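J.: Residue numbers (UniProt numbering), protein chains in the order written: chain W, 1 to 284; chain P, 1 to 314; chain R, 1 to 329.
What the hints contain is simulated information worked out from the structure, not anything from laboratory work. It should be emphasised that the depicted structure is a prediction, and the values quoted were computed from it without experimental measurement. Just so you know, even glycine gets a beta-carbon here, dropped at the ideal spot from N, CA and C. Treat the hints with care, as some may be off.
Unchecked claim - Just a few of them, taken from the derived set where beta-carbon distance is under 7 Å, the chain W residues facing chain P:
no.	residue
1	Gly66
2	Phe70
3	Asn122
4	Ala139
5	Ile204
6	Ser219
7	Ile260
8	Leu261
9	Met264
Listed here are the chains, written in short residue letters.
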Amino acid sequence: MTHSTEVKRADRKAYKPGRIAIIIGATIIAVVLLAAILAPWIAPHDPYVQSMLARFRPPSAEYWLGTDRFGRDTFSRILYGLRITLWTAAASTALAMVGGTAIGILSGYCGGRVDRWLSAANDLLMSFPQMVAGIIIVALLGPGVTNLIIAIAITAFPAFYRMARSAALALRDRDYIDACRVLGYSDTRIVARHILPETMDDMIIIATLWLATAVRTESSLAFIGLGAPPPAATLGGLVREGFDNLLDYPGLAIWPSLAILVVMIGLNLMGDGLRDANDPRASA
Amino acid sequence: MLGYFAQRALTLIPTLFAVLTLAFVLVRIVPGDPALIILGDQASPEAIARFHQETGLDQPIWRQYLAFLSELAQGDLGVSMISNRPVLTSIMEVLPYTLELSFAGVFVGVALGVPLGVIAARSNGGWTDWAVRIFTLGGLSFPAFVSAVMMLLVFSVWLGWFPVISSGKPITDPAGRLMSLALPAINLGLVMMAYVARVTRGGMMNIMRADYIRTARAKGVPRRRIVWKHALRNVLLAVVTFTGLYFSVLIGNSVLTEIVFNRPGLGKLVIGALERRDYTLLQGLVVAYAILVVLVNALTDLCYGVVDPRVKTS
Amino acid sequence: MTVLRIDKLRTTLRLGGRDCDALREVSFSVAEGETLAIVGESGCGKSMLAMSIMGLLPAVARISEGRVILGSRAIEAEPESRMEKIRGAEIGMIFQEPMTALNPVFTVGSQIAEPLRDHLGLSKSEARKTAIELMERVRIPAAASRFESYPHEFSGGMRQRVVIALAIACRPKLLIADEPTTALDVTVQRQILDLLDTLQEQGEMGMLLITHNLAIVAGHADRVVVMYGGDVVETATVRDLFRAPGHPYARALLASLPRVDRDLSELASIPGRVPPLAMLPDGCRFIDRCPHAMDICNRMPPTVELGEGQGHTVRCWLHVEGGEHAADG
Numbered sequence: 001m002t003h004s005t006e007v008k009r010a011d012r013k014a015y016k017p018g019r020i021a022i023i024i025g026a027t028i029i030a031v032v033l034l035a036a037i038l039a040p041w042i043a044p045h046d047p048y049v050q051s052m053l054a055r056f057r058p059p060s061a062e063y064w065l066g067t068d069r070f071g072r073d074t075f076s077r078i079l080y081g082l083r084i085t086l087w088t089a090a091a092s093t094a095l096a097m098v099g100g101t102a103i104g105i106l107s108g109y110c111g112g113r114v115d116r117w118l119s120a121a122n123d124l125l126m127s128f129p130q131m132v133a134g135i136i137i138v139a140l141l142g143p144g145v146t147n148l149i150i151a152i153a154i155t156a157f158p159a160f161y162r163m164a165r166s167a168a169l170a171l172r173d174r175d176y177i178d179a180c181r182v183l184g185y186s187d188t189r190i191v192a193r194h195i196l197p198e199t200m201d202d203m204i205i206i207a208t209l210w211l212a213t214a215v216r217t218e219s220s221l222a223f224i225g226l227g228a229p230p231p232a233a234t235l236g237g238l239v240r241e242g243f244d245n246l247l248d249y250p251g252l253a254i255w256p257s258l259a260i261l262v263v264m265i266g267l268n269l270m271g272d273g274l275r276d277a278n279d280p281r282a283s284a
Numbered sequence: 001m002l003g004y005f006a007q008r009a010l011t012l013i014p015t016l017f018a019v020l021t022l023a024f025v026l027v028r029i030v031p032g033d034p035a036l037i038i039l040g041d042q043a044s045p046e047a048i049a050r051f052h053q054e055t056g057l058d059q060p061i062w063r064q065y066l067a068f069l070s071e072l073a074q075g076d077l078g079v080s081m082i083s084n085r086p087v088l089t090s091i092m093e094v095l096p097y098t099l100e101l102s103f104a105g106v107f108v109g110v111a112l113g114v115p116l117g118v119i120a121a122r123s124n125g126g127w128t129d130w131a132v133r134i135f136t137l138g139g140l141s142f143p144a145f146v147s148a149v150m151m152l153l154v155f156s157v158w159l160g161w162f163p164v165i166s167s168g169k170p171i172t173d174p175a176g177r178l179m180s181l182a183l184p185a186i187n188l189g190l191v192m193m194a195y196v197a198r199v200t201r202g203g204m205m206n207i208m209r210a211d212y213i214r215t216a217r218a219k220g221v222p223r224r225r226i227v228w229k230h231a232l233r234n235v236l237l238a239v240v241t242f243t244g245l246y247f248s249v250l251i252g253n254s255v256l257t258e259i260v261f262n263r264p265g266l267g268k269l270v271i272g273a274l275e276r277r278d279y280t281l282l283q284g285l286v287v288a289y290a291i292l293v294v295l296v297n298a299l300t301d302l303c304y305g306v307v308d309p310r311v312k313t314s
Numbered sequence: 001m002t003v004l005r006i007d008k009l010r011t012t013l014r015l016g017g018r019d020c021d022a023l024r025e026v027s028f029s030v031a032e033g034e035t036l037a038i039v040g041e042s043g044c045g046k047s048m049l050a051m052s053i054m055g056l057l058p059a060v061a062r063i064s065e066g067r068v069i070l071g072s073r074a075i076e077a078e079p080e081s082r083m084e085k086i087r088g089a090e091i092g093m094i095f096q097e098p099m100t101a102l103n104p105v106f107t108v109g110s111q112i113a114e115p116l117r118d119h120l121g122l123s124k125s126e127a128r129k130t131a132i133e134l135m136e137r138v139r140i141p142a143a144a145s146r147f148e149s150y151p152h153e154f155s156g157g158m159r160q161r162v163v164i165a166l167a168i169a170c171r172p173k174l175l176i177a178d179e180p181t182t183a184l185d186v187t188v189q190r191q192i193l194d195l196l197d198t199l200q201e202q203g204e205m206g207m208l209l210i211t212h213n214l215a216i217v218a219g220h221a222d223r224v225v226v227m228y229g230g231d232v233v234e235t236a237t238v239r240d241l242f243r244a245p246g247h248p249y250a251r252a253l254l255a256s257l258p259r260v261d262r263d264l265s266e267l268a269s270i271p272g273r274v275p276p277l278a279m280l281p282d283g284c285r286f287i288d289r290c291p292h293a294m295d296i297c298n299r300m301p302p303t304v305e306l307g308e309g310q311g312h313t314v315r316c317w318l319h320v321e322g323g324e325h326a327a328d329g
């Protein structure tokens with residue numbers, strides 16, 4: 001190491017992107033997660049029970065955030081909406097991560113024709129507007145949480161595929177992988193024991209960042225009317241219902257919007273922080 | 001330079017072809033017979049057969065595919081299954097609205113995001129950097145429909161600065177059209193701005209360490225010009241690349257924006273086609289989106305050629 | 001007349017919460033028309049010295065003591081706005097890496113014309129004319145037609161000529177050449193060095209030639225400053241240094257040159273390398289690698305004049321009368 005590299009390193013260290021971001025983000029997510037899990041116990045009202053006597057109530061001690069046009073408690077519906085949003089986002093990201101990583105490693109490790117065709121298919125998927133693809137896939141598959149999860153997973157697939165593929169491509173030609181081959185280890189074992197663990201760190205960071213995107217896609221689809229079918233409460237669906245009464249009861253749109261924002265900010269803070277902590281240059 | 005574009009154009013052809021095929025396949029793997037959906041469960045077998053014949057669904061799949069391609073080559077996207085209007089006419093009617101919204105959104109995003117990113121990079125860890133960081137984090141966290149609803153509420157409903165519904169104003173009313181474009185464009189632009197600011201900041205941080213920046217400083221170029229001319233011209237390369245990649249996100253956001261502001265456009269047309277199960281219209285829209293994405297890629301390359309002199313000569 | 005005088009310059013770096021001196025008590029001067037070579041291994045502080053003179057130190061470094069006097073004016077504490085008017089106008093600089101030293105998105109001509117317009121206030125067309133003249137002076141063939149070319153259309157050697165043209169554009173008093181040929185092919189190296197010699201003969205410009213290559217020193221410099229670990233360990237004319245090096249490090253450097261007339265028994269090469277900044281010793285910084293290290297070498301050695309007024313100085317206890325015993329007293 002020459003002195004000029006020492007100086008450059010010290011120069012960069014002068015700016016530390018906070019570990020604070022991860023802590024705040026993780027705290028937000030933990031609270032939101034807890035609220036979603038405990039929803040059946042902490043929700044003050046049943047989110048599905050309609051009450052014609054309690055329509056469009058303003059926030060009060062009984063209805064913390066007021067009621068909607070069927071007299072359902074907005075706060076309770078937001079809590080239940082969080083359940084669907086978080087579950088959909090987590091499941092679809094996990095699905096995309098498993099699928100993308102598996103196929104990405106296959107593509108990078110095999111190389112040659114397999115790699116060319118898989119990459120071309122992936123490019124095709126990437127060239128199409130994500131949101132529009134999501135809309136069309138959900139519409140074709142039909143409504144339902146499972147279909148929603150599949151649709152979002154498909155739109156998230158390329159990010160994981162690309163990362164896994166390039167990691168596998170880079171690792172494939174390393175000496176120790178060659179050594180494994182000489183020792184007669186099977187390809188499965190090489191991938192499972194040596195390539196997969198090496199890609200895990202990057203995968204987790206991408207997954208955190210994509211969780212935020214999945215939340216956004218889920219709530220957007222629900223807003224359009226392609227989310228979990230009624231009477232299920234979804235955050236995007238709640239915003240949509242509120243939007244239809246925006247002039248008279250703006251609160252109905254504002255509260256679920258804020259809930260979405262809190263989740264998004266928590267996830268983005270965590271993803272940002274993780275990326276900074278893992279980036280040796282720690283500048284972006 | 002011409003050779004470069006010709007070469008880039010050639011690589012776009014297989015992509016376009018593949019997406020067209022995908023569009024064709026997509027609307028044909030729908031579960032259920034479109035005839036039943038459109039004519040209803042009670043339709044007589046004769047009516048169904050007639051419908052199949054009219055729409056070409058009685059032909060073998062490869063013949064349908066060839067017909068699709070040959071009609072496409074003649075600029076014919078078929079006729080709507082519901083309204084019997086030519087799909088192309090429906091699309092061309094609303095395309096200007098989506099295009100103006102997209103380009104205005106990109107303009108707002110770049111015009112705000114680049115300076116913000118530069119300022120953040122210059123402050124590097126100072127309070128402006130943190131302010132921009134938090135501000136952009138907010139931008140990244142707003143789904144486009146949430147920001148659209150909020151802006152509609154604040155600026156149109158409460159403050160009354162903009163029309164609540166920005167539906168199609170004719171081009172003969174430029175002031176009205178601009179007013180109805182403003183809020184949706186700002187909505188698209190603000191979300192994009194957050195990304196652009198981050199790309200710019202990161203690029204700026206790297207480029208300010210480059211050797212040629214040191215050369216510029218050594219010849220006494222004032223700091224301000226080093227940042228805004230010498231470094232920024234190079235950062236713009238990254239911004240152009242990013243904008244090209246971001247376009248598909250932008251198109252998605254424009255669908256949501258069109259819904260909230262009740263603007264005509266491709267997005268609203270997609271939703272309408274899905275609600276009415278108008279598969280020919282849907283197929284035409286997928287083709288339109290594919291062509292749009294390919295054209296934007298070509299445009300990105302063109303911009304890249306303008307900003308980066310290395311492209312022109314090599 | 002003296003173009004540049006460095007007086008007891010100390011540049012301090014803040015590394016991991018600690019201050020360490022990247023340069024200590026550095027003193028020397030460059031006269032009009034003179035080429036002064038700064039020699040040493042990488043990590044000896046050569047580039048830090050250049051950046052201290054230019055006022056282009058990184059944020060973690062600062063000049064904590066001493067003076068940098070350009071002509072008759074001290075510039076070590078000038079604010080950035082004043083340094084911008086000095087850099088490029090009164091001091092020109094050439095860098096090691098010509099491939100990356102030019103901005104890829106601007107034409108070569110505009111990059112040469114920029115300091116002409118900034119410092120000399122030339123109009124656009126005047127600057128263009130002068131820039132083309134400069135390109136001819138550094139022997140870029142077909143200069144007028146290459147004004148609009150971009151850096152990527154030039155070879156490494158040609159790019160270095162462009163860098164030289166923009167460094168000398170405003171006729172600076174001082175030219176700093178930081179390893180100007182290290183990254184170039186041997187044949188191109190020669191051409192660039194000859195070009196620098198010619199340019200200097202044409203005017204009164206003083207040149208600071210930073211290099212690790214003693215062959216270049218022998219062929220192109222008038223005097224030499226040998227640096228080690230941020231200290232000036234020896235200052236001499238080229239002739240004196242090659243004939244009678246005083247400092248053990250200078251001797252070792254010379255011994256590493258293959259020469260027939262030199263006794264190679266002493267130190268064919270120097271084992272070890274320059275220690276990292278944070279671990280530099282307080283006394284003589286060569287102590288760990290020096291074959292003559294003594295107890296007293298843990299204290300900073302003084303500068304000793306050798307010969308009679310020849311300007312040959314060495315910073316080493318070996319040359320202090322009774323130095324071996326000074327530690328006891």
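J.: With reference to the structure, classify each hint as holding or not holding.
T.: These are the hints, each one checked on the structure:
1. Gly66: It is violated, given that the least Cβ distance between W:Gly66 and chain P is near 16 Å, above 7 Å.
2. Phe70: violated, 20 Å
3. Asn122: violated, 12 Å
4. Ala139: holds, 4 Å
5. Ile204: violated, 19 Å
6. Ser219: holds, 6 Å
7. Ile260: Check passed: Cβ of W:Ile260 comes within 6 Å of chain P, closer than 7 Å.
8. Leu261: holds, 6 Å
9. Met264: At about 4 Å, which falls below the 7 Å cut-off, the nearest Cβ of chain P leaves the hint on W:Met264 intact, so it holds.
When each numbered hint is compared with the structure, violations occur for hints 1, 2, 3, 5.
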